[in-house]
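Undergrad: Listed below are the residues making up each chain.
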Amino acid sequence: EADIYQTPRYLVIGTGKKITLECSQTMGHDKMYWYQQDPGMELHLIHYSYGVNSTEKGDLSSESTVSRIRTEHFPLTLESARPSHTSQYLCASSDWTMSSYEQYFGPGTRLTVT
Amino acid sequence: AQTVTQSQPEMSVQEAETVTLSCTYDTSESDYYLFWYKQPPSRQMILVIRQEAYKQQNATENRFSVNFQKAAKSFSLKISDSQLGDAAMYFCAYRSALASGGGADGLTFGKGTHLIIQP
Numbered sequence: 001e002a003d004i005y006q007t008p009r010y011l012v013i014g015t016g017k018k019i020t021l022e023c024s025q026t027m028g029h030d031k032m033y034w035y036q037q038d039p040g041m042e043l044h045l046i047h048y049s050y051g052v053n054s055t056e057k058g059d060l061s062s063e064s065t066v067s068r069i070r071t072e073h074f075p076l077t078l079e080s081a082r083p084s085h086t087s088q089y090l091c092a093s094s095d096w097t098m099s100s101y102e103q104y105f106g107p108g109t110r111l112t113v114t
Numbered sequence: 001a002q003t004v005t006q007s008q009p010e011m012s013v014q015e016a017e018t019v020t021l022s023c024t025y026d027t028s029e030s031d032y033y034l035f036w037y038k039q040p041p042s043r044q045m046i047l048v049i050r051q052e053a054y055k056q057q058n059a060t061e062n063r064f065s066v067n068f069q070k071a072a073k074s075f076s077l078k079i080s081d082s083q084l085g086d087a088a089m090y091f092c093a094y095r096s097a098l099a100s101g102g103g104a105d106g107l108t109f110g111k112g113t114h115l116i117i118q119p
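Each protein sequence line maps, in turn, to chains A and B.
Okay, so the first sequence: first residue is 1 according to this note's numbering, each after it adds one.
Okay, so the second sequence: first residue is 1 according to this note's numbering, each after it adds one.
Among the hints, erroneous ones may be present.
Unchecked claim - So, partial list: chain A residues that the calculated Cβ filter (under 10 Å) puts toward chain B:
| id | residue |
| --- | --- |
| 1 | G16 |
| 2 | T20 |
| 3 | E22 |
| 4 | P39 |
| 5 | H44 |
| 6 | L45 |
| 7 | Y48 |
| 8 | Y50 |
| 9 | Q88 |
| 10 | Q103 |
Stated by the list, open to error - Only pairs whose alpha carbons sit at most 20 Å apart, straight line, appear in this in silico DMTMM-like list of lysine to aspartate or glutamate:
| id | chain 1 | residue 1 | chain 2 | residue 2 |
| --- | --- | --- | --- | --- |
| 11 | B | K73 | B | E15 |
| 12 | B | K111 | B | E10 |
| 13 | B | K78 | B | E15 |
| 14 | A | K17 | A | E42 |
| 15 | B | K111 | A | D38 |
| 16 | B | K111 | A | E79 |
| 17 | B | K55 | B | D31 |
| 18 | A | K17 | A | E63 |
| 19 | B | K55 | A | E102 |
| 20 | B | K111 | A | D59 |
In case anyone wonders, no lab produced these hints; they're calculated from the structure.
Keep in mind that this is a model prediction, so the values were computed, not measured.
Backbone N, C-alpha and C define an ideal beta-carbon position, used for all residues, glycine too.
When you get a sec, could you build the whole thing from the sequences and use the hints?
TA: What follows is the structure, encoded as structure tokens:
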């Protein structure tokens, strides 16, 4: 079944640790996105990609980095986690067809940095 | 830059009744897309309804319909015959029709409206 997956769903980690949040989609979409959802529920685009080897920063500045080596995989990395990184991270994807501008979202990763 | 405003942090409605969620947006573009997304307590965001700005006809999906007023930059969501499963956060979102870089391809979200369904 075509879908978008995120792991882990929940992560509690200490300050200074390096973490990678995984996102994979089986829909063959070229475009992928990362959104950060703060405790007040507001969502902000932090990274996006148009395809393999393409990565761009979004509207909200983030200390995280992303990579896109394979079409289906778009991991997000924090080199040194801090309490200010505590948030919900949502991954999404969409395709290029003009008839479809819908973004499909993963279930999210809730990150807590202590 | 575009902005999306949802002025109702929380709405409550009796089961089987109708509720309308408000959304306004600000843009200088003439071609864009508007969406309503639903985020239930399980957290997976799902699309409820989509409206293309160039279409005058309001979009409808079963019990969900929109009132799109382009000149007023208003995009409200009406939920008819509310069901317990409709309880969720609802986000209004904007997406430029321009398929270029510079962040133009991501969604700009409102702050959300928490919809409560009372049995």
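Undergrad: Take the hints in turn and mark each one as holding or not.
TA: Hints and how they fare:
no. : hint            : in the structure
1   : G16             : violated (27 Å)
2   : T20             : violated (20 Å)
3   : E22             : violated (16 Å)
4   : P39             : violated (12 Å)
5   : H44             : holds (8 Å)
6   : L45             : holds (4 Å)
7   : Y48             : holds (6 Å)
8   : Y50             : holds (8 Å)
9   : Q88             : holds (7 Å)
10  : Q103            : holds (6 Å)
11  : K73/B to E15/B  : violated (30 Å)
12  : K111/B to E10/B : holds (11 Å)
13  : K78/B to E15/B  : holds (14 Å)
14  : K17/A to E42/A  : violated (26 Å)
15  : K111/B to D38/A : holds (10 Å)
16  : K111/B to E79/A : violated (29 Å)
17  : K55/B to D31/B  : holds (10 Å)
18  : K17/A to E63/A  : holds (14 Å)
19  : K55/B to E102/A : holds (16 Å)
20  : K111/B to D59/A : holds (15 Å)
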